[in-house]
Amino acid sequence: MIPDLQRVADVIRDVAERELVPHFVTLSADDIGEKSPGDFVTAVDLAMEKALAAALVPLLPGSLVVGEEAVHDDRGILALLEGDAPVWVLDPLDGTGNFTQGLPTVAVIVALVIKGETVAGWIYDPLNGRMAIAGKGEGAFMGSHRLKVARPAEDRSLNGSIYGRFVRLSEPYQRIWGRGRGVLGNVFNTRCVGQEYLARVMGRMHFGVYTRMKPWDHAAGFLLHQEAGGVARMGDGTDYRPAERGHVCLLTPDEDLWHTMHEQLIKPAMAEDATRAKAKA
2 MIPDLQRVAD VIRDVAEREL VPHFVTLSAD DIGEKSPGDF VTAVDLAMEK ALAAALVPLL
62 PGSLVVGEEA VHDDRGILAL LEGDAPVWVL DPLDGTGNFT QGLPTVAVIV ALVIKGETVA
122 GWIYDPLNGR MAIAGKGEGA FMGSHRLKVA RPAEDRSLNG SIYGRFVRLS EPYQRIWGRG
182 RGVLGNVFNT RCVGQEYLAR VMGRMHFGVY TRMKPWDHAA GFLLHQEAGG VARMGDGTDY
242 RPAERGHVCL LTPDEDLWHT MHEQLIKPAM AEDATRAKAK A
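Using the working numbering, the letters of the sequence shown correspond one by one to residues 2 to 282.
The hints are simulated quantities; they were obtained by calculation from the structure and are not laboratory data.
Don't take each hint at face value.
As the list claims (entries may be wrong) - Distance ranges between label pairs, derived from CB positions:
no.: 1; residue 1: H260; residue 2: R147; range: 20 to 28 Å
no.: 2; residue 1: A56; residue 2: T276; range: 45 to 53 Å
no.: 3; residue 1: G117; residue 2: E264; range: 39 to 47 Å
no.: 4; residue 1: G136; residue 2: G238; range: 32 to 40 Å
no.: 5; residue 1: A56; residue 2: G130; range: 17 to 25 Å
As the list claims (entries may be wrong) - In silico BS3-like pairs for lysine-lysine, Cα to Cα no more than 25 Å straight-line:
no.: 6; residue 1: K116; residue 2: K279
no.: 7; residue 1: K137; residue 2: K149
no.: 8; residue 1: K36; residue 2: K137
no.: 9; residue 1: K268; residue 2: K279
no.: 10; residue 1: K116; residue 2: K137
no.: 11; residue 1: K279; residue 2: K36
no.: 12; residue 1: K51; residue 2: K149
no.: 13; residue 1: K281; residue 2: K268
no.: 14; residue 1: K268; residue 2: K51
no.: 15; residue 1: K215; residue 2: K268
no.: 16; residue 1: K36; residue 2: K51
The C-beta atom is built at its ideal place from N, Cα and C for all residues, glycine as well.
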């Protein structure tokens, strides 16, 4: 049985209030490290993951945990996503680089995966107190407000995030956005996918392209986006699963924009990338 969604939300809030919020703009240099160049980890990431795991597992006896920081130490943990036991997928502090610089664009992301499928997701903005919650087939909510993706009347008013070197260097990307605003609007990346997912389900942002398919980044967000009425699929048109190791994904507010961006950006960018890979082989 899935735990009460609001009870889980309360746990996330409580842990963040205790382990994260008091340390915003107060971290010392000794509290900050790098897993690899430019990939930061802080004492807050580690404390949050430990506290979340300890608080969430008792809500669902027999459940396991896949946390970003634990996977860094042991990638074998990812195999739990394809097992039979329920799994809590944790990004204890999304936007760590922002956090270390005193920028308030951060999030806490939690998903519940059962038999390889995301059944519930939570994205929390700990510095502003906003919590988005989704249960599969139950819609997406922020408090009592039902969340809904949106699309502006004109495509030049669209805005969204696009990550991935092979996408951003592609001919179609350069043609559409090389000079800034294009026929499909504006692109800006916040370095915090959790905040970008929140912006989309609140109707303030419209599309997203991602190429690093880490489950802690996307399992909750995909479900929230879909439950808010949006379209979210992999670049080859297949459905996303938390154990996904696919090349690229695309999220839009409706089918029409998904197919437009897929034809005008994703397909040709993937073809260019495949050609480059073949030339190097």
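Inset, instruction - Tell me, in ascending order, the numbers of any earlier hints that this structure violates. - result: Of the numbered hints, 3, 4, 6, 8, 11, 12 and 14 do not hold.
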